[in-house]
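Trainee: The hints should help you fit chain B onto chain A, whose structure is shown.
As given, the protein sequences belong to chains A and B, one line each in that order.
Position 285, counted from 1, in the first sequence is what the working numbering calls 285; the numbers after and before it change by one each time, with no gaps.
Whatever position you read off the second sequence (first residue = 1), add 1000 for the working numbering.
For the record, the hints were derived by calculation from the structure and aren't laboratory data.
Predicted, not measured: the structure shown is a model, and the values here were computed from it.
For glycine and all other residues, C-beta sits at the position ideal for the given N, C-alpha and C.
Treat each hint with caution, since some may be false.
[Said to hold, decoys possible] Okay, the calculated bits of chain A under chain B, using three or more residues with CB under 8 Å as the criterion: (1) 50-62; (2) 151-165; (3) 340-349.
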Amino acid sequence: MSADVIDKSLETFVLNLGPQHPATHGVLRVKLTMDGEYIVHAEPVLGYIHRMHEKMGENRTWAQFMPNTGRLDYLAALSYNHGYAMAAERAEGIEVPERAEYIRCITVELNRIASHLLWFGAFVLDLGGFTPLLYAFDDREQILDLLESVTGARLTFCYFRFGGVYNDIDDNFITGTREFIKRLRSRMPMYHDLVTNNIILIKRLKGIGPISQEMCRRYGATGPVLRGSGVNFDVRKHEPYSVYPEFDFDIPVYTDCDSMARYMVRMDEMEQSMRIIEQGLDKLPEGPVMAAKAPKILKPAKGDYYCAVEAARGSFGIRLVSDGTNTPYRLKLRSPTFSNLSLFAEACQGMLLPDALALMGTLDLVIPEIDR
Amino acid sequence: MGLAKIKQALAELAVTETIEVSKTVPAPPAAEGEEQGKPVEVKEMIEQNMLFTPEYAKKGYHLDVKVTAENVARSAKILLDHEFFLESITGVDWIKENQIEIVYDFNHWHTLCRVVIRTRTDRANPEVPTISEIYSGANWHERETHDFFGVTFTGHPDLSPLLLPEDADYHPLLKDFKA
Chain A
1 MSADVIDKSL
11 ETFVLNLGPQ
21 HPATHGVLRV
31 KLTMDGEYIV
41 HAEPVLGYIH
51 RMHEKMGENR
61 TWAQFMPNTG
71 RLDYLAALSY
81 NHGYAMAAER
91 AEGIEVPERA
101 EYIRCITVEL
111 NRIASHLLWF
121 GAFVLDLGGF
131 TPLLYAFDDR
141 EQILDLLESV
151 TGARLTFCYF
161 RFGGVYNDID
171 DNFITGTREF
181 IKRLRSRMPM
191 YHDLVTNNII
201 LIKRLKGIGP
211 ISQEMCRRYG
221 ATGPVLRGSG
231 VNFDVRKHEP
241 YSVYPEFDFD
251 IPVYTDCDSM
261 ARYMVRMDEM
271 EQSMRIIEQG
281 LDKLPEGPVM
291 AAKAPKILKP
301 AKGDYYCAVE
311 AARGSFGIRL
321 VSDGTNTPYR
331 LKLRSPTFSN
341 LSLFAEACQG
351 MLLPDALALM
361 GTLDLVIPEI
371 DR
Chain B
1001 MGLAKIKQAL
1011 AELAVTETIE
1021 VSKTVPAPPA
1031 AEGEEQGKPV
1041 EVKEMIEQNM
1051 LFTPEYAKKG
1061 YHLDVKVTAE
1071 NVARSAKILL
1081 DHEFFLESIT
1091 GVDWIKENQI
1101 EIVYDFNHWH
1111 TLCRVVIRTR
1121 TDRANPEVPT
1131 ISEIYSGANW
1141 HERETHDFFG
1151 VTFTGHPDLS
1161 PLLLPEDADY
1171 HPLLKDFKA
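This is chain B alone, in the form it adopts within the complex:
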């Protein structure tokens, strides 16, 4: 099991996004008697597959894959087939962008390869399909994420509060939560 293999397996699930990239183009050579012009900054839209191999020493993980919510379960299945185990599931509230990000951390027993799967969902109605049928341990992690962020994991057997009181109707890790 190498990084290249899992990268290839996940490549088609990764989201394709258009990203604005700016590059600097050197100024055209100056004519005689004129001053040399400044380099010109050019903005360009390029299509990019949201699958990165970040620098491990800086980030602490090897592969970063952004997928759509529908593809989360397929990614998890691929990772289980490659004998990865689930470290954790958590959320991040991006209130300014009106989105909630769900982050799945995977690791491998025998190869040093940490994989991060992430997906974003609408903040007003956060919904992601469950992976608890693939990774049994995801059951509790998803319940916890539902407690803290109010994310509904569709198909989850029981999303009742795990760490919060049984009658809790609030989601404390949302950025606009006030105690």
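So that you can see chain A by itself, here it is in the shape it has in the complex:
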């Protein structure tokens, strides 16, 4: 951090947060105008890891873009695989076998837990508590091992194909997943004892960083940020896709609109994801994992298509425009954190710097996904 006094009469100064700062989780820079410890004005500066994925999409075939979707949100990449595969399947009209849909949901939910665990550890680290990070990474490691055994990757997945998934899951994965759920269930009370009910955490989060529903609407915030403001909006329930209607699960909603509410939403979501995975494993049907008639080369009919999924950080949407050839004409990636971060400047006005960092932590930022 560096500070310069810009106007002595106002006694405000500019404070540069990032781009290399542990609390910005990647390369985000925020230009803060400070009055002592209070924020007068904040301006996020983006683009440090901009790679122009959308242009890359126009220069390769539909299938060749799939690895790119694993490199947007590298903490919950399977949701992005899923969104892109579904969008292309919708455009081309491909039916996915039921077993593949179940595998997709199970792996996506495992990935969501991994993402939330990392967020949990890193967020508490932002607040100054080091120990929970080690516990959370220990658990997350188990998921990455499980996912690696079926997808072949630990972070940048390219597991889904148009019409199914690339690899079937085996008994080792199923027993491993069941054991993991048992393990995580036994660990959750410890997390709550150690962190959630910790008076220091409560003092840092309760009533801090309010984000109203009206603000969420104006900025288009989705995901746990929106559900922490009391809005029951989850694409999995709102616009059911894949086999999610088959599962019995709840959408955690907290109405306090503060940092604590957003924290609680994510903690509760892990339990709901575990419920989905358990039901998925119980109901897992036999059959193929790839559609028999899935074309090798896609040439969707002219027109545009929209498809959204609930990623770990909110609603991820893909808008495809096809001109009937084997490459997309236009491919728009609507990333949830881009909209979620855009409200930060307004939300943090007049806040103490450490409180604003807590607020930023609850937005769960992943910069490669914002910059694309």
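Mentor: Quick look at chain B alone, frame taken from chain A:
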């Protein structure tokens, strides 16, 4: 809030275009001894309001409204009054038609209703009024669209590059952009 209500509210803002529609008219009955003639194709110009309700399962959205650039802000206001939120704003470069299309995606928290507002602007001098005063989140989406397509959103407070380098003078998503 139903689809019919929002459709009605946006109907008068939708562009009216003349579209050529071809239909086949059956051939007149053949006289005795003659062979039956072929059906005749007739082209007809009809006026159509560019407001569609596409098949959701195929397209992924429920309402598709084409408006003129001047009506974008009014459409956005109507949608905000009906409690829609903004998903994204983006552009499409239709280089063959010498136009740039700006696409606005809206969604609703409580009703399953995705609305697409689209407008087209001249490719040489792309200009659309901003909606950042109505939807604060549009500020960044419009800056991004300006980065990628060079579209000027009139009335926007700050169109400096958001994702591109601060001295960028190119617009990479234009179809004639060469790196």
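Trainee: Could you run down the list of hints and mark each one as holding or not?
Mentor: Do the hints match the structure? See the list:
1. 50-62: With 5 residues closer than 8 Å to chain B, the region 50-62 of chain A meets the three-residue bar; holds.
2. 151-165: With 0 residues close enough to chain B, the hint is violated.
3. 340-349: This one holds; 3 residues, not fewer than the three required, reach chain B with a Cβ under 8 Å.
Hint 2 from the earlier list is the only one contradicted by this structure; the remaining hints agree with it.
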